Amino acid sequence: MGIFASPLLQEAVGEAAVQGAGAPFEPFLPGLVVLLPLLGALVNGVAALVAARRSAEVVRGGGEWTLPDHRRPLTHRIPTWVGPGVVGVAFAIVLVNFFRMLPVELHEPVVVEYWTWMSTGTFEVAAALQLDQLSMLMMLVVTGVSFLIHVFSVGYMAADVGYPRYFAYLNLFVFFMLVLVTGASFPVLFVGWEGVGLCSYLLIGFWFSDPEKADAGKKAFIVNRIGDFGFLVAMFLLFNAFGTLNFTDVLGAAPEVLTYGGGLVTAVTLFMLLGATGKSAQIPLYTWLPDAMAGPTPVSALIHAATMVTAGVYLVARTSVLFALSPIGSLAVAGIGVLTALFAATIALTQYDIKKVLAYSTVSQLGYMFLGVGVGAYAAGVFHLMTHAFFKALLFLGSGAVIHAMHEALHHTHKDWDPQDMRNMGGLKRFLPVTWITMWIATLAISGIWPFAGFFSKDEIIWSAGVAARGPYAAFYSIFWVLSLAAAILTAFYMTRLMVMTFHGGNRTGEEEARHLHEVPLTMTVPLAALAVLSAFGGWINVPERVHESFLGLFGGLPMSEWLHHWLEPVTAAADEIRIEHLGPVAEAAPFGGGEVLWAVASTVAALVVVLIAVAVVRRRAIVPAVEAPEPSAGIHRLLYRKWYVDELYDAVIVRPVLGLSRFCWRVIDAGIIDGLVNAAGNLARAVGWFGSLFQTGALNTYAFVLTLGVLVILGSLVF
Amino acid sequence: MIVNEALTLSAILFVLGTFGVIVRRNAIIMFLCVEIQLNAVNLAFVAFSRTMGIDGQIFVFFVMTVAAAEAAVGLAIIISVFRHYETVNVNHFNLLKW
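Taken in sequence, the protein lines are chains A and B.
Residue 394 in my numbering sits at position 293 of the first sequence, with consecutive numbering throughout.
Residue 549 in my numbering sits at position 78 of the second sequence, with consecutive numbering throughout.
Simulated from the structure, these hints should not be mistaken for laboratory data.
Please read all numbers here as calculations on a predicted model, not as lab measurements.
Accuracy of the hints is not assured; some may be wrong.
With a straight-line Cα cutoff of 25 Å, these simulated SDA-like cross-link-like pairs (lysine to any residue) come out [as the list claims (entries may be wrong)]:
(1) B:568 to A:150
(2) B:568 to A:799
(3) A:457 to A:747
(4) A:319 to A:521
(5) A:314 to A:201
(6) B:568 to A:811
(7) B:568 to A:319
(8) A:314 to A:761
(9) B:568 to A:167
Partner residues aside, some chain B positions facing chain A, computed with beta carbon under 8 Å [what the hints assert, rightly or not]:
(10) 489
(11) 494
(12) 525
(13) 568
Just so you know, even glycine gets a beta-carbon here, dropped at the ideal spot from N, CA and C.
Extracted from the complex, chain A is given alone in its bound form (with noise of 0.2 Å):
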């Protein structure tokens, strides 16, 4: 590893010491943490393509590749230690500089560069890494819980022929997912940020021989080059306006350059926010990650769930100052976010697909995450980032081992029923007690419940659109607190039927299939537990003050009180100096009266209040296996169910006019006039040589004829 010993490294690393004045911090091998799973994914991909090429060695002979039971080859025992082993060295890493940041006073991010990447004019940008409070935040999240599900894959992934490939491409988005959330400029968060989508589109598709799984791949692409397009005119405007692009410069500059709530500005927030939409799956550009399902569930736990939507949010918070800057940006932010919770939310009502049931949650639940960071709550946008991370990987993977399970099951008795539609499971808390009771820890995390994460990630934030709606725009907020509070009860609803549906009542699968269904392998459940414990005590890190000093916090018995919140503080500090400067100091009501702890005790009762509701009504409901199931007949469930059409929009106002358009562009221009052009070149050239080999008679008499007129007549000019 030359580079990191390198004199730039280290002056790089002096530099910041004297940038965090006071004590200083110094970066563990920041760059090993990128690097490491660029070097993991490396060497996976050598095994998966050795494992390819005797794959189809073997297919070539006319037989059909499967993994011998006893021992397994080579090239699929080495992924098994190298894809995790390297994310979960990285995480150590983290875990380092993590601790070595704790005791420092660091207020401002240190760089760490390497080389300069590009240096056009006056426009340079280098391959620098980014280390702040955030980033390290992010990086701990991203590590940690792609180090779980990268375990939780080795049992996944075992009986599939592209476990090495498999590994080669999450390996991959570990690494560009680092560069996203470490990238000290817009140019590297970008590299990070299609690099992650590229990965996203690999693992939709990873079964690419099924097209309907390919298509969603490349739905989930198309989809987020239409962000990508937002964020690079962003990125185009900074640097008219900046002449620089990275964070500190820009960031630092931006209260001087920019007018608040001007033209620029706006623009630019806006066209941020397509991008964040984009990634993030926010109206209008949601449809794509539904459709990512398609994907191995560990994928859709990781990219889908903790670690890549959530990029949105990370760009928001990263770029607090500009939004801070622009209250119209801030209100769009907020208005899609809350828009899209509720959305999701009651589509989420209807599905019976258990994956695109979470899904939609998640869309809802970062719809949240765009609320929190659009009323600038950055810390507690981030916060929800982080306890969703946690109890929404853990419901995935929960829904991965309930698939697995099923998949087995129906295996076994060849029975071609969907695993993952929930008409078809019912009572499998007898058969998978562990994945029980860890996912109804994430489901009650998740709905919002008193002490589980979700509940003091999810409070925050409508406690602060509560408090957004005693400042300008006060309508637009107070519709907004109304609508997360609404899609909070849904939350509730939607998860308690999807637990019920699963785990409790009957059992559906038929009696020989129940026989086959086992709880699955430790390399699964471990991972689950592991995440049920964050899930249940990860949100005590920020809990805020006043609920602490009340019986919630057990008068102040928990152990920390707002400590995301004041890590954070160096990172947002310049964003809430501005919002104060402009909107004057922060109103501690909410918008109909009432404390802070009051409404988190009416939510929590009310979350409890409709999960009980939605365990009396479902359990009560005679479900049938999806193949005796009806098509929902009446008006509004047939809606909800049909996901209020917008994918039929979406195909009849935009995809068939741009097919059309193509169609158009292919039959008419290039077919047509382009190619035209081209024949008409040749077929002329075609023409005058037929004309010309007329005089080609192969009669010997009449080329000298010819050729005796032709000297007459050059003798004759000569004369004449």
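Once you have looked at the hints, place chain B on chain A.
Just chain B now, with coordinates in the frame of chain A:
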């Protein structure tokens, strides 16, 4: 002047040779006509050399040498064509086109 008569004869010979090449179909006759053309030119060279120096006569030797070589090659081709087609009528071998 003798030169004028010689040149007139040369022109008549050349036109006869050209006409022969154009109208006759027998390869050997066409070949002979080419020879007539060459010798018409030779006659013109010799005639001119009377007034313009020795160069014309030297050129005639060159033409005769080349003509001899060309005759050897040309006759050889005609013989091999005859072996193939059993005719020397050029209308029968017109494949070399397009």
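Hint by hint, here is what the structure shows:
no. : hint           : result
1   : B:568 to A:150 : violated, 56 Å
2   : B:568 to A:799 : holds, 5 Å
3   : A:457 to A:747 : holds, 15 Å
4   : A:319 to A:521 : holds, 22 Å
5   : A:314 to A:201 : violated, 44 Å
6   : B:568 to A:811 : holds, 20 Å
7   : B:568 to A:319 : violated, 56 Å
8   : A:314 to A:761 : holds, 24 Å
9   : B:568 to A:167 : violated, 63 Å
10  : 489            : holds, 6 Å
11  : 494            : holds, 7 Å
12  : 525            : violated, 27 Å
13  : 568            : holds, 4 Å
Figure legend: structure checked against the earlier numbered hints; hints not met, in rising order: 1, 5, 7, 9 and 12.
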